[in-house]
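2 protein chains.
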Amino acid sequence: MKLVFATGNKGKLSEVRKIFENTSYEILSKENFDSFPDVIEDRETFEENAIKKAKEIFEFSGIPAIADDSGLIVDQLNGAPGVYSARYAGENCTYDDNNNKLLQELSAFPEPHNAAFVCYAAYYDGDLILVVRGELKGMIISEKTGDQGFGYDPVFIPDGSKNTLAQYSAEEKNKISHRGKAFESLKKILSKMEL
Amino acid sequence: MKLVFATGNKGKLSEVRKIFENTSYEILSKENFDSFPDVIEDRETFEENAIKKAKEIFEFSGIPAIADDSGLIVDQLNGAPGVYSARYAGENCTYDDNNNKLLQELSAFPEPHNAAFVCYAAYYDGDLILVVRGELKGMIISEKTGDQGFGYDPVFIPDGSKNTLAQYSAEEKNKISHRGKAFESLKKILSKMEL
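Going down the list, the protein sequences come from chains A and B.
Just so you know, the working numbering puts 108 at position 108 of the first sequence, and the rest follows in order with no gaps.
Just so you know, the working numbering puts 25 at position 25 of the second sequence, and the rest follows in order with no gaps.
Everything labelled a hint here was simulated from the structure, so no lab data went into it.
Hints are not guaranteed to be accurate.
It does not matter which identical chain is used: a pair holds within one copy or between any two.
[Said to hold, decoys possible] Listed next, the in silico PhoX-like pairs over lysine-lysine satisfying Cα-Cα at most 25 angstroms (straight line): (1) 137 / 55; (2) 192 / 101; (3) 101 / 187; (4) 12 / 173; (5) 55 / 192; (6) 2 / 192; (7) 175 / 55; (8) 188 / 2; (9) 187 / 137; (10) 55 / 188; (11) 187 / 12; (12) 55 / 187; (13) 162 / 2; (14) 188 / 12.
My request is simple: use the sequences and hints to build the entire structure.
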């Protein structure tokens, strides 16, 4: 069965294709269409953004669609940067701008700065909406470390690790990532429901 | 298994209890708790409102929650009144105010005024969100007819019928209703997933 993944990000696409390898699902994406909508993520919650993307891509393609929305939530900041993770320091900001703003905001609080990366993965087929959550718990450290990954990876240490996510290889990161967990759950549910 | 239905409406509650009769699900609601949150439906889509209600009731009760959001969508009005169905003519308006506004808006368009009642039923258990849609297609007529039901029932004729929904008994209406269909679907999916 075909599923269209609502993403223009090749890294995400290959990660999700890997998860659906050796199943009956074939993952299509932007590259399989002449045009592909760029969905605006303007909702207040991760699940709403993920559903919005899956719906718009289903309406565009007529094929059951999957999508995700992800971000960092920090306990001491009441869940910020949350749905604004990609543009925490403003529109068109860099990863470094975001990390600097995060460390600045956290400088007022004692350590440890507990945090989690979360991913909400959604499925929509015109009749049914499914959303599942994947999470990677850890803490924010005040010194940027490592040069792999992207986003908040240089300041995030997963629970049980001594290294930041930016010190993980892509493959190691995928094994434990919030996105990997969310799409693994989604795959299991789709199989169980025979969708 | 217990499910908490996010509603303060006794009519809805008895309708949904009837659907889950003779299953392993026991439907709790407002009457089973000392206090019960009144969730504000301020989202842009039915599914977002339904999810919001289910989430807030799950967070309050710690028990898997179900909720719905429903409304009328009229083709010639680009889907209006939609999520604003209950307050189309303004906050604290009556059903009659809403019907009058609807007929006024439609007077500029030729008949038939195709429309549908839709219901989005949501489930949330802290890990998984499920939403299904139930629909009742029909048309809006320009003369209010019948005194049963509520809301837009007096101006809505279901496809294949000659009567407005306000001429149906509660029992007849439940058999074909958008809400009945949505919760029947939800029940089937929950059973299939062994939730």
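We went through each hint and held it up to the structure:
With identical chains, the CA atoms of residue 137 and residue 55 are at most 25 angstroms apart between copies only, with a shortest distance of 21 angstroms across copies and 29 angstroms within one. Taking CA atoms no more than 25 angstroms apart as the test, residue 192 paired with residue 101 passes in neither setting, with 43 angstroms inside one copy and 46 angstroms between copies. Neither within a single protomer nor between protomers do residue 101 and residue 187 lie at most 25 angstroms apart by alpha-carbon distance, with minima of 36 angstroms and 46 angstroms respectively. Within a single copy, residue 12 and residue 173 get their C-alpha atoms as close as 12 angstroms, which meets the 25 angstroms cut-off; across copies the closest is 47 angstroms, which misses it.
Proximity of residue 55 and residue 192 under a CA criterion of 25 angstroms is satisfied in both settings, with 22 angstroms inside one chain copy and 24 angstroms between copies. Taking CA atoms no more than 25 angstroms apart as the test, residue 2 paired with residue 192 passes in both settings, with 17 angstroms inside one copy and 22 angstroms between copies. Proximity of residue 175 to residue 55 under the C-alpha cut-off of 25 angstroms is found in neither arrangement, the shortest distances being 28 angstroms within a copy and 29 angstroms between copies. Taking identical chains as interchangeable, the C-alpha atoms of residue 188 and residue 2 lie at most 25 angstroms apart whether they share a chain (16 angstroms) or sit on different chains (24 angstroms).
Within a single copy, residue 187 and residue 137 get their C-alpha atoms as close as 22 angstroms, which meets the 25 angstroms cut-off; across copies the closest is 33 angstroms, which misses it. Taking the closest pair of Cα atoms, residue 55 and residue 188 come within 25 angstroms of each other both inside a single copy (21 angstroms) and across two copies (22 angstroms). Proximity of residue 187 to residue 12 under the C-alpha cut-off of 25 angstroms is restricted to the intra-copy arrangement: shortest distance 15 angstroms within a copy versus 34 angstroms between copies. Taking identical chains as interchangeable, the C-alpha atoms of residue 55 and residue 187 lie at most 25 angstroms apart whether they share a chain (18 angstroms) or sit on different chains (23 angstroms).
For the homomeric pair residue 162 and residue 2, neither the shortest alpha-carbon distance inside one copy (40 angstroms) nor that between copies (42 angstroms) is at most 25 angstroms. For the identical chains of this complex, residue 188 and residue 12 are intra-copy neighbours only, at 19 angstroms inside a copy versus 33 angstroms across copies, given an alpha-carbon limit of 25 angstroms.
Consistency note: the structure conflicts with the earlier hints numbered 2, 3, 7, 13.
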